[in-house]
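J.: For reference, the chains in residue letters:
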Amino acid sequence: MYPVLIVEDERAIADLIEMTLEDFGYVCVKAFDGEQAADFIEKEKFDLILLDVMLPGVDGFSLMEYIRPTETPVIFLTAKSSVEDRVRGLRAGAYDYIVKPFAPDELLARVDGLMRHTGRRSRTIRLWDVEINPDTRTVSKKGVPVSLTPREFDLLMALVLNRGIVLYRDVLFERVWGLDSEANTRTLDIHISRLRKKLGWEHQLRSVPKIGYLLEAER
Amino acid sequence: MKFAYKLTLAILSLLCAALSFGGTWTIQQNFSQMQRDMIQQSSQQQLRDRYTLETKFGEAEDSSTKTMDSLAELYAEEEQVVMADSASPFSLFGENGTVLYSNMPHTIPYSDQQAAISAGETKARYIAVGEQYYLLLATPLRGLDRPIWLVNAYDVSKQFQERDRQIRQHLILQGTALVLTGAAALCISRILTRSLKKLESASDALSEGKTGVRVEISSGDELERLGKTFNQMADAIETQFQMLQEETNRQKRFVAAFTHELKTPMTAILGYSNMLRSGEQPAERRRKAADYIYRESTRLETLCQELLLLLGLEKGECQLKPTSIAAIYGDIRRSLPENFLRIELLCEEKISVQGNRALLVTWIRNLILNAAAAEPKDRMVTVTCTRQSDGIRLCVEDHGKGIPEEELSKITEPFYRVEKSRTRENGGNGLGLSICSMIAQIHHSSFQIESSLGIGTKVWITLKEAKS
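Which chain is which? The protein sequence lines are A and B, in order. Its first residue numbered 1, the first sequence is counted upward by one per residue in our numbering. Its first residue numbered 220, the second sequence is counted upward by one per residue in our numbering.
Bound conformation, chain A alone (with noise of 0.2 Å):
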């Protein structure tokens, strides 16, 4: 495994990816600008490179001279949305094309799914005794195959996704059932006690009282 290279001149940008990527076990390197970028492509591997269309120096599209017989893939992150340049980039090779601004899980589960489609992780997600295969949306415990409901498969992903983190209740049901749902947290509360008993985490998944839920980062 080796780590991604984040290629981004806004340093709030570069840290905000680097945070979102940390939480999921990647490991990151920034660079600020183009010929940084170019140092670091020539010297180490990566599996994988975010990189800006925009920057001060060498730009995204010549950056992609280098990246290209290194055969890593690559993630553009740009600010324009113009259907030519996205045409542009994924014409010079680009894997995918994030546009600015991005919401944060979007990023993480473009990320880790091109991770896995390309091998660079196992096409699985392993937690404790439990496989999760976000493409086939199917999950199973010790081997044996466990079925959820596609609301509870989208909630142990947005857990999975934050893992380690304890999740605001409110934040978590909006972000499963949407803004403009009708149901209540209450449901939040019975389909987090079916997950548990589903996937037996009865001390993995924590409710934190008056705050919200909690999955224990694997050690």
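Since the hints were made in silico from the structure, they are not lab data. Incorrect hints may appear among the rest.
Said to hold, decoys possible - Using 25 Å as the maximum straight-line C-alpha spacing, the simulated BS3-like pairs for lysine-lysine come out as follows:
#: 1; chain 1: B; residue 1: Lys225; chain 2: A; residue 2: Lys80
#: 2; chain 1: A; residue 1: Lys30; chain 2: B; residue 2: Lys482
#: 3; chain 1: A; residue 1: Lys30; chain 2: B; residue 2: Lys429
#: 4; chain 1: B; residue 1: Lys620; chain 2: A; residue 2: Lys80
#: 5; chain 1: B; residue 1: Lys569; chain 2: B; residue 2: Lys596
#: 6; chain 1: B; residue 1: Lys447; chain 2: B; residue 2: Lys429
#: 7; chain 1: B; residue 1: Lys482; chain 2: B; residue 2: Lys507
Unchecked claim - Label-pair ranges, simulated between beta-carbon atoms:
#: 8; chain 1: B; residue 1: Thr467; chain 2: A; residue 2: His117; range: 41 to 51 Å
#: 9; chain 1: A; residue 1: Ala183; chain 2: B; residue 2: Arg506; range: 28 to 38 Å
#: 10; chain 1: B; residue 1: Thr467; chain 2: A; residue 2: Ala183; range: 22 to 32 Å
#: 11; chain 1: A; residue 1: Asn184; chain 2: B; residue 2: Asp510; range: 31 to 41 Å
#: 12; chain 1: B; residue 1: Ile410; chain 2: A; residue 2: Arg91; range: 52 to 62 Å
#: 13; chain 1: A; residue 1: Arg91; chain 2: B; residue 2: Leu463; range: 32 to 42 Å
#: 14; chain 1: B; residue 1: Gly535; chain 2: A; residue 2: Ser82; range: 51 to 61 Å
Glycine is no exception: its CB is placed at the ideal position from the N, C-alpha and C atoms.
We have chain A; now place chain B onto it with these hints.
T.: Same frame as chain A, but now just chain B:
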């Protein structure tokens, strides 16, 4: 209808009218002359008949109808012999329209003969019988003991035929003339209106939005002038169009640059706030996130203020008052952070300019900040104020890295950056020089930049001196 056709038609109508009038008049004149001759000739002939008949009737003792009838018949027969074909038939009428004698053909109606009598002696009367035309002349026989009228019918068909022939001939002539003239006129009109055709197709092309449309007409008349005017109009339209397009492009670039400028801080603010609101974060991370949110929001706030300033300046809501340079320099000294570059503010003498104090301070301050970003080797910026022939020159000069020549024309565009994103770290948002250029405009001055790579940059405006 095409103009050439109209022109041809107009020419033909005029020609037709002229020919018809001329022809009719000539034929009419000829015919009148002929009629006068006919009448004169016929009158003389009738006079001869009258005298003969008067003499014959006078010699006769008996003036009974029967006698007269036979005498008249006798005379008519004599006449036939003497005159052969040219003898004209005649009638004699007694009182109350009674016919005393007549060798007139039946085709000449009685009523017409009567009408000739009632018209009187001098009046000629024409009647048409089939193809034949007759001239009827009536005259009373004098010297007899009772009134007798002699009516002669003279065959004038020849004269009428002659007139008809003339009319036909004229019609043929006129027709031929019209056809020939029509063809010629059409050709000439086409040639004359060729310039119009050019103008028309050029206008069409222009209205379809084609550029570079020009006409070349060298006819030396109004059309040539019209062509020139058209070309001028096309020039003006193209210039206008280009200006509009430039303006639209400028606005598009502005919006694109503006949204781009918004997106980076927005991404950070959204990302960090989303992180904070979704769950309990470690203290260190919370502090960092809040810090970034604060800093990026401040950046947005500055952007907003500068944008408002720029828009305000564009509207031109500004008052120019006499302002002393010393006061401006004082403001600048106070507004710059300590431990900044060395700033030299030079002014030869006490000078007051016609200007807006706050704007001039902003102008100098922005340029000093820019100069600082250019990393001058001597860590110094010089501001000078000198009296020139055209006014007071306010100049900011540094010995930094300079601006590439090809960028000079673009740097006053909002959000334009020479180094795409590095200046952001110094808090620049790409509006500084746009504002400076706008401030120069408000002070009725051009915004002058002189720069060479590696040597430095010099920026100045020329202000009006205030009369004290």
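J.: Run every hint past the structure and note whether it holds.
T.: Verification of the supplied hints:
1. For a cut-off of 25 Å, the pair hint linking lysine 225(B) to lysine 80(A) is broken: about 62 Å separates their Cα positions.
2. For the proposed pair lysine 30(A) and lysine 482(B), the alpha carbon gap of about 20 Å is at most 25 Å, so the pair holds.
3. Between lysine 30(A) and lysine 429(B), the direct Cα distance comes to roughly 52 Å. Violation of the 25 Å bound is thereby established for this hinted pair.
4. Our distance criterion of 25 Å between C-alpha atoms is broken by lysine 620(B) and lysine 80(A), whose separation comes to about 30 Å.
5. Taking the CA atoms of lysine 569(B) and lysine 596(B), the gap is about 31 Å. The hint is violated against a cut of 25 Å.
6. Using a Cα cut-off of 25 Å, the hinted pair lysine 447(B) and lysine 429(B) holds, with the two alpha carbons roughly 18 Å apart.
7. Of the supplied pair hints, the one linking lysine 482(B) and lysine 507(B) holds, its CA atoms being roughly 20 Å apart against a limit of 25 Å.
8. At roughly 43 Å, the beta carbons of threonine 467(B) and histidine 117(A) sit within the given window of 41 to 51 Å.
9. At roughly 35 Å, the beta-carbon separation of alanine 183(A) and arginine 506(B) lies within the given 28 to 38 Å, and the hint holds.
10. Checked against the hint of 22 to 32 Å, the pair threonine 467(B) and alanine 183(A) fails, with Cβ atoms roughly 49 Å apart.
11. Judged by the Cβ atoms, the range 31 to 41 Å given for asparagine 184(A) and aspartate 510(B) holds: they are separated by roughly 35 Å.
12. Under the hint 52 to 62 Å, the C-beta atoms of isoleucine 410(B) and arginine 91(A), about 59 Å apart, fit the expected range.
13. Taking the beta carbon of each, arginine 91(A) and leucine 463(B) are about 33 Å apart, inside 32 to 42 Å as hinted.
14. In this structure, glycine 535(B) and serine 82(A) break the distance hint of 51 to 61 Å, their C-beta atoms being roughly 34 Å apart.
Hints 1, 3, 4, 5, 10 and 14, counting from the list given before, are not met by this structure.
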